[in-house]
Every structure is written in C-alpha cells, then in structure tokens.
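Residue numbers (this note's numbering), protein chains in the order written: chain A, 1 to 339; chain B, 340 to 678; chain C, 679 to 1017; chain D, 1018 to 1356.
It cannot be assumed that every hint is accurate.
As the list claims (entries may be wrong) - Label-pair ranges, simulated between beta-carbon atoms:
(1) Phe478/B <-> Lys1027/D: 19 to 25 Å
(2) Arg327/A <-> Asp757/C: 49 to 55 Å
(3) Lys1027/D <-> Asp84/A: 56 to 62 Å
(4) His1094/D <-> His537/B: 57 to 63 Å
(5) Lys6/A <-> His537/B: 49 to 55 Å
(6) Glu115/A <-> Ser1025/D: 52 to 58 Å
What the hints assert, rightly or not - In silico lysine-lysine, DSSO-like type, Cα no more than 27 Å apart, as pairs:
(7) Lys63/A <-> Lys1080/D
(8) Lys63/A <-> Lys1028/D
(9) Lys131/A <-> Lys345/B
(10) Lys457/B <-> Lys494/B
(11) Lys936/C <-> Lys345/B
(12) Lys1087/D <-> Lys6/A
(13) Lys402/B <-> Lys753/C
(14) Lys872/C <-> Lys748/C
(15) Lys345/B <-> Lys684/C
(16) Lys11/A <-> Lys1148/D
(17) Lys741/C <-> Lys409/B
(18) Lys414/B <-> Lys684/C
(19) Lys350/B <-> Lys741/C
(20) Lys689/C <-> Lys402/B
(21) Lys155/A <-> Lys201/A
(22) Lys345/B <-> Lys428/B
(23) Lys872/C <-> Lys767/C
(24) Lys1148/D <-> Lys748/C
(25) Lys119/A <-> Lys156/A
(26) Lys428/B <-> Lys409/B
Simulated from the structure, these hints should not be mistaken for lab results.
Beta carbons are placed, not taken as given, at the ideal position from N, Cα and C, and that holds for glycine.
There are 4 protein chains.
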Amino acid sequence: MILVLKESAKKAEVDNLITWLHEQGLDTHLSNGKYQTILGLVGDTSVVDEDLLSGLEFVESVKRIREPFKNANRKFHPDDTVIDICGSKLGGEHFQVIAGPCSVESEEQICTIAEEVKKAGATMLRGGAFKPRTSPYAFQGMRAEGLRLLLEAKKKTGLPIVTEIMSANHLPLFDDVDVIQVGARNMQNFELLKELGHLRKPILLKRGLANTIQELLMSAEYIMAGGNEQVILCERGIRTFETYTRNTLDLSAIPVIKELSHLPVIVDPSHATGIARMVRPMALAAAAAGADGLIIEVHNDPPHAKCDGPQSITPDAFASLTEELNRILPVVNKKQIGE
Amino acid sequence: MILVLKESAKKAEVDNLITWLHEQGLDTHLSNGKYQTILGLVGDTSVVDEDLLSGLEFVESVKRIREPFKNANRKFHPDDTVIDICGSKLGGEHFQVIAGPCSVESEEQICTIAEEVKKAGATMLRGGAFKPRTSPYAFQGMRAEGLRLLLEAKKKTGLPIVTEIMSANHLPLFDDVDVIQVGARNMQNFELLKELGHLRKPILLKRGLANTIQELLMSAEYIMAGGNEQVILCERGIRTFETYTRNTLDLSAIPVIKELSHLPVIVDPSHATGIARMVRPMALAAAAAGADGLIIEVHNDPPHAKCDGPQSITPDAFASLTEELNRILPVVNKKQIGE
Amino acid sequence: MILVLKESAKKAEVDNLITWLHEQGLDTHLSNGKYQTILGLVGDTSVVDEDLLSGLEFVESVKRIREPFKNANRKFHPDDTVIDICGSKLGGEHFQVIAGPCSVESEEQICTIAEEVKKAGATMLRGGAFKPRTSPYAFQGMRAEGLRLLLEAKKKTGLPIVTEIMSANHLPLFDDVDVIQVGARNMQNFELLKELGHLRKPILLKRGLANTIQELLMSAEYIMAGGNEQVILCERGIRTFETYTRNTLDLSAIPVIKELSHLPVIVDPSHATGIARMVRPMALAAAAAGADGLIIEVHNDPPHAKCDGPQSITPDAFASLTEELNRILPVVNKKQIGE
Amino acid sequence: MILVLKESAKKAEVDNLITWLHEQGLDTHLSNGKYQTILGLVGDTSVVDEDLLSGLEFVESVKRIREPFKNANRKFHPDDTVIDICGSKLGGEHFQVIAGPCSVESEEQICTIAEEVKKAGATMLRGGAFKPRTSPYAFQGMRAEGLRLLLEAKKKTGLPIVTEIMSANHLPLFDDVDVIQVGARNMQNFELLKELGHLRKPILLKRGLANTIQELLMSAEYIMAGGNEQVILCERGIRTFETYTRNTLDLSAIPVIKELSHLPVIVDPSHATGIARMVRPMALAAAAAGADGLIIEVHNDPPHAKCDGPQSITPDAFASLTEELNRILPVVNKKQIGE
C-alpha cells in the first residue's frame, strides 16, 4: 500500500502515523521526493482500512498494491481450484451445466424437468424453493416443501441439486442440498456469509447487481475466512443504463476473475438477459470466454401450463445448446460437459 | 396493467389467458385495433407477475399502469406520514437531524460526541454497533457492547438512537433501540424485512446502491405488509461511473418519492459522497430539495485519535451547518430542526 | 404507439389531440376502459415525438410499439445486409477481422504491421490518423499524413483500410479510405452523420459509451436516411461502475442487434477492455455470440519501441487467435475468416 | 505521477524508460522498496499518456498525482473566474438564471416568452435553433432562421442569448450570439472544441451523459488551450440505471468542480429530470449546493398550443421559483439573481 502525503504534512503527524502503522504490524518505507513524500507500507495490509488512511488531513491519496483478499487470491494459490460435487468436478478443465426451472412447483413438475434436462446434457439440477421477490405479494416459493421435492428429483435422477438460501435461519433445512446458492441480493449479507463459512459444502456465490469483481472476491473471502474453501463464483449480469436486456452480462469478468483468483466461475445467461432468445448466444460466449460452467433456466411445457418465465428455454433448445457447447469447449482447452 | 398482444396471437391462446386472469380475480378489457390487440387488466394487479406475462410467446409487451406498491402508495394515503420518535416528529413539516460517529468505539467516545452533536443542533444520535464491512478482516463493530454504550449515551443526553441491524437473529438486542436502520446492502434482504414488519417501531430503510426508487418502495412495502407502517426512507447515493465521489447522491429521488409515496425521506450526504468537504453543500441541497431530515457523520477529535472517517465532519462544522439549514427550511415550508 | 390517458382527461382535450394526430397523417383508435382510456396510434409514428406527447397534462404514459427506426429495421428488411469491401464480404455468414496499430506512426511502422497482420489472418487494416484524445496536450495523430501512409500500406498489402473521421471538414481527405469509422464520442454528432449519409461508402459506427442499442440504431438511421445503406455497427464497451476493465463489453448487444436490425455488427475487444490479456477471451466470446467480425489492436514490436498501448496484442498472439476463431465460427454457422 | 514497477522489472528496461522520460522534459525519482520499486515523475506530466505507461510490461500501475488539466485548474488560478455577458456577471458571488423555450418556433413565440421570462426574473434567454435529435425524422430546429429570431427577441428585451451549436461549419451564423452552447452529445467533439478555442466569447459546455467530471474539465481545457478562457460548465444529469427521471442530476459535481477548478458551473434541472414537477426542487437544491446559475426551460402557453415539452414549466411557476431562489442565495453567500 502506498500513501502519497501532502506537501503540507507536518513531521509530527507523519511520525505519529508511522508509529501507529508499526503497531499494526506493518513495516514502512518513507521516500521524500521534491514535490511529494511517499510512504510505502509493507506487510499484511489487509488489516488496514484504506478509507481511514485516506481520511487523514495530510494524506493526498492511498493506493493499494496488493489485493485485499488472501484465501481467494491466485497469487497465494496458483492452481485452479476444482470442486467435487457428488463426483462431478467443476473448475480447471472441467465444465458443468446446471439446469432446471425457476421455481419448484410440484413433485411431478420438478421430477419431469429433472429427467428432461439430464437427458439433454445437464449435470446438475437447479430449482428455487425460497424465492427472493421484489414484491411481498408475489409467490415466495414452496420453501421447505420445495427442498423436499428437489431431493425427490435427485433421488430419481441422481443429479446433484443447487438451490438458494435466503436466511441463515433456514440452514438446518439445507443439510442434504449439494450446492447452496447465495443470490445476487444477498452477496453482501455478511452475517449469512459468515455462517456459510462454517460449512464444508460448496457455495455458489452470485455477483450482486452493482458489485465490482473485487467486492465479489471479498465476499468469497468472507466464506473462505471461516474455513470453507469451496466457493463457486457466478457472473449474472450487472445493472447499467441499457434497458433492452434485464441486466448487462459482464463476460469480461471471467478472464478477470481467472487472473485474480483460483476459484471457479460460472455464468447465468438466463437471469442476466431475462430473454430466452438470448440464452443460447450468451451461453456459447461464456464458454468461449473461459467459464467453468453455466446455470440455465429450462422450463417444463406440459399442455396446460399457462405461464412460464420469459427467460426459460425449452428442453429441446437446451439439448441443442449442450451439443454446441461441446464443440466450443475444446477450443478453450476444456473437457466435454461433465467429464 | 396493459398487455399488447402480437398480431400472430391465436384466439385460443388469448381466451386461455383471459380465463386464467379471471381466476386470479381480475377483470379484463379486450380492444382489437387494426395492427394490434390490447388487453387491459382491471383490479388488484399487484398479484400478477409482470415477468410471467411478458414471457408468453404471444405477448408483445406489458405495461403496468398502477404502481405495484399499496401501503406505501400516496394514491391510497394522500397525507404525509409523520413518525413520532420519542416525541420528535419526522415527516410532513418536521425536519430532524441525526448525527454521530461512524462506529461506537468506547463509552467516553460515544457519550462525548452525543453531547457535542446535541449542543450543535442534532435531534437524534447515530452510531454503528454492527458494521457491514467489505472485508472480513476489517473491524466489525463492538456489536452487543456497542448497543449498550449507545443506550448509555441516550441516558445521558436524551437523544433517541438510530443504529443498524445486520441479521434478524440480533433482534432481541434491539429492544431499546429507537430507530432500527437497514443498510443499503440489506435493502433486499427480504427475510430480514419480513421480520421487521412484525415490529411496531420506526425502521430507517436505506436505498441500495443499485436499486431503483420503485424497488426501494417495494422493500418498504415488505415491512408495511407485516403491519409496521413506520418506515423512513433514506437516499444515500447510487453507484455510477463517476469515481470522484464514492457514490452519486440522487437528490431527485426526494421529489420523486414525495410524489409516489407518503413516507418520509431523509438523506445521508456523508456516505453518499465519502468526502467531508462535500457534506455541507449536499446537506443544504437535500433540505432545499424537500428532504425530511438528514443523517450525518460527526467525529470526535480528542488529542490522541489517530484515524477518523474521511467523510466525517467536526462538531464545529456541524454546528454551522444546522444554522444554515434552519435558514433554508422556511423556503421549503418546513419548521426549524426538531420543531 | 399507445397513449394511456388519465381518468381526469377532458373530452375537449382528447378531441383536440386526436385532430392534431390526424393532421400528422396518423389514424387513431380510442378504447374507453373502466379505469383508463387508451388511445392507439396507427401509421408512421416515427414522425411523432414521444416526449412531446408524454408531456401533455392529461396523458398518463406513452408506449411505443414499433421501433422508431425504419431503414435499419429487420421487420422491413428481413435478410442480413452483407457489405462488400473491395471484394471482402461482411455480414450474413461472412466474418472479417480488422487489425492494426492504435495510431499510424511512420511508413515503416504501418507497412510492417500491415504485412504481419495480413500473414496472421487479418482481412482489413486499421490505424488511427485522426485521434480523439481526452487531453488537448496528447498526441492528436498524424492526420492527413497518416491517411497517406495507410494508403501506402494498402498498396503494399492489398488490405482495405479502416480509419476514423472526426469532422465533416476532413471528408475530402477520406476519398480513398475503404471504410470510414465514426468513433464512440461522435456517435451522436448528428451533423457528421448526415454528411456521411450522402456518401456511398461503408461506415463503421461505434456505439457510444453511454448509448443504448436503440440510440445506436437511430444513429445508423441518420446515415441511412441520407441514402447510404452500408452501415457496420460496432460494440466497444459501455461505461459502468466496474473499474477493472476500461469499459464493460456488452456482448448481449450482438443478439439484440441481430433481432432488431439486418445490419452487420462487429466487436472491438481491445478498446472495450483496455487490457491486452483480455482480448483473446473476449474475441472468442464475440464470435461465439454471433458477431460478424472483430476489430483488434495489434502492435509492432521492433527492438527500440518504448511505449505501446496496454490493449494491443502481438502479431503472434493475433495469429493464434485467428486460428481459434476459425474453430469457433462453424459452430455459429459462419464461414472461415475472410471467406 | 507515480509508477509502481513490478518486482520482475529488469534494470535495463527501467533505465530505458527513465532516459525516455528525461527526453520528455521530466525529472524522475526512483525509490527501491523491499517489495516494489516506485518511480516518481516530476514536471509537466500532462504531456505523458497514462495509458501508454501503464501498458508497459514491467509497470504494475500508474497513479496521477497532479490533475491533467492546467488552464482550468484552481491550483494555478485560485480565484473564481467571473464571466461578463453583456454586463451580466456569472461566477464568484454572481448568480444568473437563463430561461426560455426548448425550441424557437416563431417570432411571436420567442419574443413573447422572452418578455415573460424577463418579467419573471430571468437574466438571459435560451432557445434552440439547431436541435440535436435522436431521430433523423424529428424536427431539427429552425436553424439559421431560429438564430435570427433569437436576435429579434434580444433586441426587444435586452436579454443576452444562449443557443447551441452543432457543427463548426455553422460558426459564421453565431457571430451575434452572446453565449455559444456545446450540448452533452458534443462534449467530446474535439474538433469543434478546438474551433471554439479560437473565439473570444463565452462557451457554455454541458457535461456528457457518461462523462466524468475530470473529462468535462479536460474538454474545457481543449477550449482554453486555444486561448478562450470564458468557459461556463453545466451539469445536466448523467446516465444511470434509474429510469424514473430521464437522467440522474449529479449535484455533487458542483462542489467537486468548485474544488478542482475556478470556472463557473451552472445546472440544467429541466433536461436532467425531464419532468416539469421536478424542476423547482432541483433548481433550489442546485442553488443551495453552490451553483453559479441555472438554465431552465419555460414554455409559452397560448390557447392553441397543442404540444409542449414535459420538462418545461410555466412562466408563473418560474416567477415563484426565482423568488425562492433569492431567499436561498444569501445562505450560500451569493448576491441576488442578476446582481
């Protein structure tokens, strides 16, 4: 960390600061230039609050050289993390496709879709039991019963299940869930992240709508600081001024995360775009950009279903997509889906 | 709610949809134009999911005419809500100023600042006990002990206290807190909002960094749907591309909220800008724009304090500010601070 | 176009409006619902200003059903536009790769790079002669002399040249340029667009940093309204809160543009990310998302070159990239580069 | 400017860079820390391209200490610039209000409004002759004839006129215009800015929709570098994800600009919000935040006018507003409007 001090900084102030920094366990390196003085900090600067330092009257600006995350940092863990989910590997050269409906609605529905997506190439099953909804009057999910039905679908198909948690209080219900998802709106629900850090189970952490990549990594760090190193990151679109798509899918987050961190990263093209017709091109693009997997909404279409999410694709479209993905994966040095 | 149907819509599909809408308790009104067919929905459309309808293959687009919030809606509650906090009124023609340090650090610190801000014109005391921090390695607040010290400061000064909650599990500790704050990062922590809806105590709900005004009102609706109608909204800056200030303070949110809702709205210029020098002009601007109050960080400055938030102003600067505010308030038909 | 009228709308006002709309050559269709009145407009609504209508006191809201662009609209021109540039086809199943340095610096430099990128698979040459720079003190390009050197490089390699124009006054200098580029900052320089509409030459129109896809298409419409139908659109990143990459590359713009318009669309991963290491993954992703081409910065690297753009890749990296692109193109039904 | 060099930097590379920097007229100061080497640059760093340096393989990061603008920089020009417009002063303690219609439509219209806004407290007249419109099919303004009518209105009322230029080619028509406006879309039309730098006439420079405050100051620098020091900056809203208002008015830009620059800054609440009802609160807020003036759309309302901008207020509302502004101005140490 580098502090640029103002020309007006007084010696006593600077000495005072240096003493305090030494007390925090840091070494310092003072360099007096003609026009400015630079104070370099050496050691574990993750304990130092950048904002506090930049608030000092005599500090012109503060620049962090080392990233503030440690466990998630590729510098300290050069190899890709590969996460094992009931025998399926995710990360490194392994690519997984998670598919399923927006919400669990009934046993028949979830079991039918589970079978269809498995046949079409999915390697894991998604489905919402607890649903974060903008409106308190909208359907909030089947909750505990939804979790039970997901486990039924797992029993029938063997697909590991991925589903969202909305409160640490619900944790006991998630004992048999294979991957616990933290939604975009809870990415900085730090009390929840701390609780998940005590588990030894994969966590799928979605990027918040207005969160930077560094903040996403810091939230992963909250989980990892508790000892749970199985964090899967997920890019699902950020909020911008463009209104045609629901959010703007930031695919450059993939190579950026790969550079900064060893954690696997997957992409959710369904929620990012909010438009079924955009799922295929964005899924292919995500694979070409180096993602480690995808999470895709696929709907059931029995004759009498009246309403389905505008972002869900049919099992048929999904089957074509997995085939195309398998043609792109070798170009970016990945194995076939699920291998 | 208006649905524009595609020219290609088949009669059977449309009839099917109309039947389903009637089942949801809605009336419909079909209008066949030369180039498009329009289906108007009449009734309580807050139960209908806009996304589900727009996902139907034969629906061109969906337009909501009525806002999806009810309890927070000025149309159904034309008069300004005035909230009574230990005798201090907020909303309508009443303007309150909440002040205090970023974090509670010690009994001496919080009691000293409490007295100073009271003398300088503050009518309520703020101070963080539970601190949401981006980094798991940063100071997380004094937590339960911090709450106890805030109550000490209240005992000494009589100032009602405002402090942030981060998990519904901590609720028992907040029994004596006068106003419970929900931070920007938890604005869509719906499980927490539901719990707060069961209280009968004022909630200060901060706008999320990437949340629209409508989403803020929907989160207020979550609290109000539980029966707790004492919600104070707070604009504290949104995330944009501009990097000079920490966030971009959206003061137009004040007249917009005043138009859409009867709830009071206050402004946090300290967190919005992140720069102490910007607090005064933005506080004056907020008052001129019609805000019902302010929440401002004021720091203590004993001889040995080494680090203070870059966004905190001194008690002296705060005293000048409250004086200037009192000169602006009459222009916008508000009483003097605290009256 | 649909106008939702307020319940308070008076008959005289509405009649007045309908008369005026008929004068503009539009048909209207009035539908009185129980709670609101809807006025449908039929005909060429591109002549009507949406803002003006929504400003009427008795109008609740205005919704455009048809897009405001005509010549660029796929509805009126279902087939992909294929543009012929000195025999090279761009659009439809044809994919082109434009490469070259940020700026033209000398005859040796531009000719050397031209040869290297040609050998490495580029089908067109880019190079800046007129450079839009944020600072008036920064190098503004070689201007007229730069154009002359580009033509030299074309003579030697046969590669068609693409270069940016910054003022209509410079048009006479661009007579022999094959594709004239309009930079992001000039996307809404409407007087310039009108001038380019009088040419019969391909225009490469870059999306502005804060412009929506619809605004990009409206700017294309400015050129096409003048009779010049050879417009190539270019996605080059939009401005968001994320600071790790220079801009956020919005690859979902590709399928969105393909749906709305018949015009070809290419991607500039170099300027979008501003980081050489991100060019390869984003280029592959763009191809997988269905782009019709790429424009990539490739630098020369003679022993004594001191400074080069952080976003430029080497000719070797570029050669690997074109090879990988050719493996992805068949998956999305495109021919090999340049075919 | 500070360069942080990578640990892997080779001595030869660094020496090579230092030699090159000396050739550019800069002094350097090398500081070898334990973990990183820091190279400080001393002198006129505005000639150095930050991007070029950060692109060097062995450079970890670059940090600019001095702002890249000189003429606009308050450090080199501590006193507020006060601009004289036909005897009216703007800047420092002087506050001006520019008002008028969106577009000039006829002699009667512009002269009537000019008289009304003058009576209601305006000190300058605005009106669009050349109109930048998103659609080529929308009304493009009366152009040269519009300028003539503005001058008629000036003759009748004595109000100085402010109107927008869209191309340097139109400059001869602007000889008698008092203040030439550069619209948001042309803020980085650098060729136009250079031409305006050759004039000796006030330029009203609007901030672009996606431009940072620093970029706005750099565009002012383009004009000032040509010798024209009469630049008035204008905040008119930036593009964000919020859709209720047309743009998000960034009032914190006022104190930020005041800190960085000596140039006067005014606010356009009409275009920023796009909603007439929001003009009053945002205008009062702008004054309270320290703006040097306002530019406001006021419409005429003769009996037969059918359509008017949704963001224009009536002359009566405008008269009330100027009265309220005069009550706020003393709080922020400004004289009454026009004094």
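So, going through the hints one by one against the coordinates:
1. Phe478/B <-> Lys1027/D: 19 to 25 Å: Roughly 41 Å apart at Cβ, these two residues miss the hinted range, so it is violated.
2. Arg327/A <-> Asp757/C: 49 to 55 Å: At 27 Å between Cβs, range violated.
3. Lys1027/D <-> Asp84/A: 56 to 62 Å: At roughly 42 Å between Cβ atoms, aspartate 84/A and lysine 1027/D fall outside 56 to 62 Å, so the hint is violated.
4. His1094/D <-> His537/B: 57 to 63 Å: holds (59 Å)
5. Lys6/A <-> His537/B: 49 to 55 Å: About 51 Å separates the Cβ atoms of lysine 6/A and histidine 537/B, which means 49 to 55 Å holds.
6. Glu115/A <-> Ser1025/D: 52 to 58 Å: holds (54 Å)
7. Lys63/A <-> Lys1080/D: Since the Cα atoms of lysine 63/A and lysine 1080/D sit roughly 8 Å apart, the hinted pair holds (cutoff 27 Å).
8. Lys63/A <-> Lys1028/D: Judged against 27 Å, a Cα distance of about 24 Å means the pair holds.
9. Lys131/A <-> Lys345/B: Answer violated: lysine 131/A to lysine 345/B is near 30 Å, above 27 Å.
10. Lys457/B <-> Lys494/B: holds (13 Å)
11. Lys936/C <-> Lys345/B: holds (20 Å)
12. Lys1087/D <-> Lys6/A: holds (19 Å)
13. Lys402/B <-> Lys753/C: OK: lysine 402/B and lysine 753/C at ~23 Å, within 27 Å.
14. Lys872/C <-> Lys748/C: Given pair lysine 872/C, lysine 748/C holds - Cα atoms ~16 Å apart, limit 27 Å.
15. Lys345/B <-> Lys684/C: Satisfied, since the Cα-Cα distance of roughly 25 Å is no more than 27 Å.
16. Lys11/A <-> Lys1148/D: Judged against 27 Å, a Cα distance of about 58 Å means the pair is violated.
17. Lys741/C <-> Lys409/B: Holds: lysine 741/C and lysine 409/B sit about 24 Å apart, inside 27 Å.
18. Lys414/B <-> Lys684/C: holds (14 Å)
19. Lys350/B <-> Lys741/C: With Cα atoms ~24 Å apart, lysine 350/B and lysine 741/C stay inside 27 Å; holds.
20. Lys689/C <-> Lys402/B: The hint holds at about 24 Å.
21. Lys155/A <-> Lys201/A: holds (19 Å)
22. Lys345/B <-> Lys428/B: Given pair lysine 345/B, lysine 428/B is violated - Cα atoms ~52 Å apart, limit 27 Å.
23. Lys872/C <-> Lys767/C: With a Cα-Cα distance of about 25 Å, the restraint between lysine 872/C and lysine 767/C holds, given a limit of 27 Å.
24. Lys1148/D <-> Lys748/C: holds (21 Å)
25. Lys119/A <-> Lys156/A: holds (13 Å)
26. Lys428/B <-> Lys409/B: Holds. Lysine 428/B to lysine 409/B sits at ~24 Å (cutoff 27 Å).
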